[in-house]
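Q: These are the residues of each chain, in order.
2 protein chains.
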Amino acid sequence: MKQRIVIIGSGNVATALAVAAASKCDIVQVYSRTLTHAQQLAQRVHCPLATNRLDRLEKDADIYIIAVSDDAIAQIVSQVPDNGALWIHTSGSKPIGLFSGKRKCFGVMWPMQSFSKQLSVDFVEVPLFIEASSPEAHKALHRFASTLSHTVMEADSHRRARLHLASVFACNFSNHMYTLAQEVLDEDGLPFDVLKPLIRTTVEKLQNLSPTESQTGPAARADHQVMERQASMLTGDKQAIYRLISQSIMDRHHTDK
Amino acid sequence: MKQRIVIIGSGNVATALAVAAASKCDIVQVYSRTLTHAQQLAQRVHCPLATNRLDRLEKDADIYIIAVSDDAIAQIVSQVPDNGALWIHTSGSKPIGLFSGKRKCFGVMWPMQSFSKQLSVDFVEVPLFIEASSPEAHKALHRFASTLSHTVMEADSHRRARLHLASVFACNFSNHMYTLAQEVLDEDGLPFDVLKPLIRTTVEKLQNLSPTESQTGPAARADHQVMERQASMLTGDKQAIYRLISQSIMDRHHTDK
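Listed in order, the protein sequences are those of chains A and B. Each residue of the first sequence is one higher than the one before, counting from 309 in the working numbering. Each residue of the second sequence is one higher than the one before, counting from 309 in the working numbering.
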């Protein structure tokens with residue numbers, strides 16, 4: 309029998325989850341503060357009910373997914389009485405304890421992905437990190453998560469925090485390296501587009517090699533002559549970042565330098 | 309009429325170029341210091357002649373491509389007398405002046421890509437940066453480059469140096485961010501694979517947005533609470549890099565901070 313799901317929220321995470329769940333579960337209702345947003349998402353996932361009133365939430369669903377901004381989760385939990393179903397939130401940074409004393413059966417399901425309107429994502433590829441209040445809650449949550457994604461792993465608050473920190477390096481900081489590269493090119497009127505094939509290759513290499521194994525460049529081969537020349541072409545924070553990251557690479561690839 | 313090409317070298321760049329050129333030009337000979345390497349590459353591109361002797365190079369080709377390690381280029385130029393054909397090297401960091409006084413018609417064609425045995429690359433997507441000794445040399449080189457790639461641009465030594473520096477940020481340094489992310493996960497026994505969907509999304513966003521526009525994360529929204537918590541989870545160079553890059557992002561996204 310299909311699990312009956314209520315989606316609370318209509319933003320990027322709520323939408324991605326609802327769309328992914330629509331073909332595997334019964335989405336019985338969509339809630340949003342803004343009725344038209346609830347209606348739009350409901351229509352998109354062929355769900356018969358949309359509401360902007362928390363007191364009108366369906367009572368007999370199996371799972372209630374709170375996919376709203378971090379600061380709004382606690383208020384929703386407080387405003388709706390427990391009905392014995394499984395309640396989960398989808399935040400990477402909020403603890404499971406947020407439900408304590410307010411629900412009997414609860415959990416967290418954090419999709420580690422940056423969802424946006426511009427880019428559709430294949431949800432089965434999105435790693436889902438789950439945490440549950442009891443073996444029963446875990447069983448229901450794991451069953452649900454496994455219908456959505458190939459990768460379901462356990463992660464408590466501590467592990468979610470490490471994963472979030474790792475994603476800051478891997479995504480936010482790598483993206484800032486693209487920004488700095490663009491600034492270097494802008495000074496000569498060269499277009500950023502020329503770097504894209506090389507950027508794609510760098511990422512594709514990770515399919516077969518660890519990032520340490522696939523590291524190349526002047527620092528990886530301790531080419532001090534090239535590093536000095538390149539550092540001297542830079543000023544300000546770009547120069548400081550160039551020197552610090554080059555040293556960090558050398559420390560890992562040339563322990564004698 | 310097809311351009312007649314001699315390939316000098318049998319490494320990753322020589323191989324990628326020979327394979328790309330094979331369907332558009334006549335590759336008349338492959339040279340390598342190691343005869344079996346010359347023979348293997350010649351066979352792969354259906355070329356009748358392979359040699360390991362510079363004094364046996366064909367005399368009547370249109371273009372001689374020196375795709376060997378940077379430090380070996382000058383020696384090859386010195387050892388082979390000029391025959392009036394177009395001679396080019398493929399190095400990003402060596403100047404065109406290396407041919408001066410030794411050839412009449414010469415140039416540089418730098419493919420901005422990291423070629424490897426593990427990963428085949430669609431050569432038409434590889435940006436080629438060219439520089440030539442004369443309008444005639446430029447015409448022949450541009451014609452050749454345009455048969456290989458959609459993106460052919462002019463770049464003298466100065467611009468090649470800027471492009472190389474930009475690629476260090478965009479590729480070598482972004483890859484080091486993956487290494488640091490892996491170290492953060494390793495401490496908790498979490499697999500690096502879970503980051504791959506997010507890494508792919510970060511790169512796919514660049515199709516529609518500039519890196520500055522697509523920047524997300526705690527620093528981009530000046531979330532000092534999260535940044536302090538994350539920095540305190542780190543030690544050593546990871547903490548220094550976290551602080552420096554976060555500040556660099558804030559400087560660009562929150563000029564009042």
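Some hints could be false.
Same chains, same names: a pair is fine if it fits in one copy or spans any two.
Stated by the list, open to error - Within a straight-line C-alpha distance of at most 27 Å, the following computed DSSO-like cross-link-like pairs (lysine-lysine) qualify:
id: 1; residue 1: Lys504; residue 2: Lys332
id: 2; residue 1: Lys412; residue 2: Lys367
id: 3; residue 1: Lys546; residue 2: Lys310
id: 4; residue 1: Lys367; residue 2: Lys447
What the hints contain is simulated information worked out from the structure, not anything from laboratory work. Bear in mind the structure is a predicted one, so any value in this text is a computation, not a measurement.
Q: With identical chains treated as interchangeable, where does the CA-CA distance between Lys412 and Lys367 reach 27 Å or less: within a copy, between copies, both, or neither?
A: The answer is within: 15 Å in one copy meets 27 Å, while 85 Å across copies does not.
Q: Is it within a copy, between copies, both, or neither that the alpha carbon of Lys546 lies no farther than 27 Å from that of Lys310?
A: neither (54 Å within a copy, 46 Å between copies)
Q: When no copy is named, should Lys367 and Lys447 be tagged within, between, both, or neither for a Cα gap of at most 27 Å?
A: within (21 Å within a copy, 75 Å between copies)
Q: Cα distance capped at 27 Å. Does Lys504 pair with Lys332 within a copy, between copies, both, or neither?
A: Between copies, since 25 Å is at most 27 Å while 36 Å is not.
Of the numbered hints stated above, the single one contradicted by the structure is hint 3.
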